[in-house]
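The hints should help you fit chain B onto chain A, whose structure is shown.
For the protein sequence lines, the chains are A and B, in the order given. Quick note on numbering: the first sequence equals residues 88 to 336 in the working numbering. Quick note on numbering: the second sequence equals residues 88 to 336 in the working numbering.
Treat each hint with caution, since some may be false.
Pairs involving identical chains hold if they fit within one copy or between any two copies, as the list cannot separate such chains.
Stated by the list, open to error - No more than 20 Å apart at the CA atoms, straight line, and that leaves these computed lysine to any residue pairs for SDA-like: (1) Lys332 to Arg248; (2) Lys332 to Val186; (3) Lys237 to Arg120; (4) Lys164 to Arg117; (5) Lys192 to Ile328.
Keep in mind that the hints were calculated from the coordinates and are not lab data.
There are 2 protein chains.
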Amino acid sequence: MNKLEIIPVGGFPEVREGADIAALFLEAARRSRVELADRDVVVVKQKIVSKAEGRLVRLADVEPGRDARKLAEAQGKDPRLVELVLRESLRVVRAGHGVIITETKHRLVCANSGVDRSNVRRGYAALLPADPDGSARRIRRELEEATGRKVAVIISDTFGRPWRRGQTDVAIGCSGIDPLLSYLGKTDRYGYELRVTEPAVVDEIAGAAELATGKLSRIPAAIVRGAAYARGERGVRSIAIEREKDLFR
Amino acid sequence: MNKLEIIPVGGFPEVREGADIAALFLEAARRSRVELADRDVVVVKQKIVSKAEGRLVRLADVEPGRDARKLAEAQGKDPRLVELVLRESLRVVRAGHGVIITETKHRLVCANSGVDRSNVRRGYAALLPADPDGSARRIRRELEEATGRKVAVIISDTFGRPWRRGQTDVAIGCSGIDPLLSYLGKTDRYGYELRVTEPAVVDEIAGAAELATGKLSRIPAAIVRGAAYARGERGVRSIAIEREKDLFR
Numbered sequence: 088m089n090k091l092e093i094i095p096v097g098g099f100p101e102v103r104e105g106a107d108i109a110a111l112f113l114e115a116a117r118r119s120r121v122e123l124a125d126r127d128v129v130v131v132k133q134k135i136v137s138k139a140e141g142r143l144v145r146l147a148d149v150e151p152g153r154d155a156r157k158l159a160e161a162q163g164k165d166p167r168l169v170e171l172v173l174r175e176s177l178r179v180v181r182a183g184h185g186v187i188i189t190e191t192k193h194r195l196v197c198a199n200s201g202v203d204r205s206n207v208r209r210g211y212a213a214l215l216p217a218d219p220d221g222s223a224r225r226i227r228r229e230l231e232e233a234t235g236r237k238v239a240v241i242i243s244d245t246f247g248r249p250w251r252r253g254q255t256d257v258a259i260g261c262s263g264i265d266p267l268l269s270y271l272g273k274t275d276r277y278g279y280e281l282r283v284t285e286p287a288v289v290d291e292i293a294g295a296a297e298l299a300t301g302k303l304s305r306i307p308a309a310i311v312r313g314a315a316y317a318r319g320e321r322g323v324r325s326i327a328i329e330r331e332k333d334l335f336r
Numbered sequence: 088m089n090k091l092e093i094i095p096v097g098g099f100p101e102v103r104e105g106a107d108i109a110a111l112f113l114e115a116a117r118r119s120r121v122e123l124a125d126r127d128v129v130v131v132k133q134k135i136v137s138k139a140e141g142r143l144v145r146l147a148d149v150e151p152g153r154d155a156r157k158l159a160e161a162q163g164k165d166p167r168l169v170e171l172v173l174r175e176s177l178r179v180v181r182a183g184h185g186v187i188i189t190e191t192k193h194r195l196v197c198a199n200s201g202v203d204r205s206n207v208r209r210g211y212a213a214l215l216p217a218d219p220d221g222s223a224r225r226i227r228r229e230l231e232e233a234t235g236r237k238v239a240v241i242i243s244d245t246f247g248r249p250w251r252r253g254q255t256d257v258a259i260g261c262s263g264i265d266p267l268l269s270y271l272g273k274t275d276r277y278g279y280e281l282r283v284t285e286p287a288v289v290d291e292i293a294g295a296a297e298l299a300t301g302k303l304s305r306i307p308a309a310i311v312r313g314a315a316y317a318r319g320e321r322g323v324r325s326i327a328i329e330r331e332k333d334l335f336r
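So here's chain A without its partners, still in its complex pose (with noise of 0.2 Å):
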């Protein structure tokens, strides 16, 4: 295996509706000196990508509604931002301790639908790509016309975890890139097969990223250069839990 390297790419405007995410980039990483290549990774933080897309939302305008009140008191809640989670959800998967974790239309588990307050100018509220999939897909395919590279690129988000503390960036989004990396079938070194059969190396990569950009610095966006990966178009979306695999349904 090689050496990987994570090159932070900083140095954003601030984002407005209909900006050009990979023209920000190429922008940005131009004036830092970096230049893509072949096989490399693009992890792009998810807020840029909505806010790009106008899928900021003025909690003014937000009329919650009957269920939305009810949850929000029970959690200690804005009752107009529990109206967009829930707008943003197929179901609640759990709600307790001031924490509503939902199902996506995107069949993300996550908390509050990924409807997030933070970096975001005062009194909206920030969703997540209606298609993250899809944004991915246009911004790789911007970055390939722009620069004649063959790269991926991820959409990510930062998640909690339900069994253990803290929080890590996970992929919501890929293209040009298999969320997995498939060992199905393949056997180790005393003849038995891999109790683990598919890395989801778009998450490490994502939680890679996270590690170069962090949460304070203006750094939206990361390449990861030297991982291991399949190129496939089938997006993150795929990668959701069968619902009769679900054990916590």
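Relative to the frame of chain A, chain B by itself:
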């Protein structure tokens, strides 16, 4: 933020009970012409630590009890293996579709209490180290004494997730690094307190290391260089979810 590097360290011999993991790592690094630097994080896969600590059990010596036989039958598993899974666990979290999720004695939540037959000689199963934080501490101290560098050590294993297909490497033990990078009380540039306050850097680093080591090649360790983290000694055990906040209990 700075660039990160992830350097695979392979070429270990077969690890036997009593082996000195720190010495084997330094020998392998020397052959690869890699020198440890201050603040490097050395990630070591659980399996070689378990082998060095004599945590292999011969299945023929295991007498399955009534609970193990029942659970093994329901899940289509070897009753001797299930007996080990139960012995290593505090409780069974969920069981179904041939998967047994437990909370281990170290308060890890994972499949089969981490008991596993891959990359182990036939007829044997490997248990997790009895105290992975302690294992990490011993390896770190020895690395620091041998090199004069201040480093951190993470013991990693591969866990599935209840909410998504695929597996990622996470930390099961650590030393010289605090598991979380706290942003508590920090505000974004709009003056809001950050929603994400505690990135689990140990898990992001363990996952990043997996990208450089893979599952098949004989690379049981990696160096992650350039990651921001706080030095600390409370271990992975300290980020087990508080029981009263566990929404999945």
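Evaluation of the provided hints:
1. In this homomeric assembly, Lys332 and Arg248 come within 20 Å of each other (Cα to Cα) both inside a single copy, at 19 Å, and across copies, at 12 Å.
2. Taking identical chains as interchangeable, the C-alpha atoms of Lys332 and Val186 lie at most 20 Å apart only when they sit on different chains, with a minimum of 10 Å there against 24 Å within one chain.
3. Proximity of Lys237 to Arg120 under the C-alpha cut-off of 20 Å is restricted to the intra-copy arrangement: shortest distance 19 Å within a copy versus 32 Å between copies.
4. In this assembly of identical chains, the alpha carbons of Lys164 and Arg117 never lie at most 20 Å apart, being 43 Å within a copy and 55 Å across copies at closest.
5. In this assembly of identical chains, the alpha carbons of Lys192 and Ile328 lie at most 20 Å apart only when taken from the same copy (14 Å versus 27 Å across copies).
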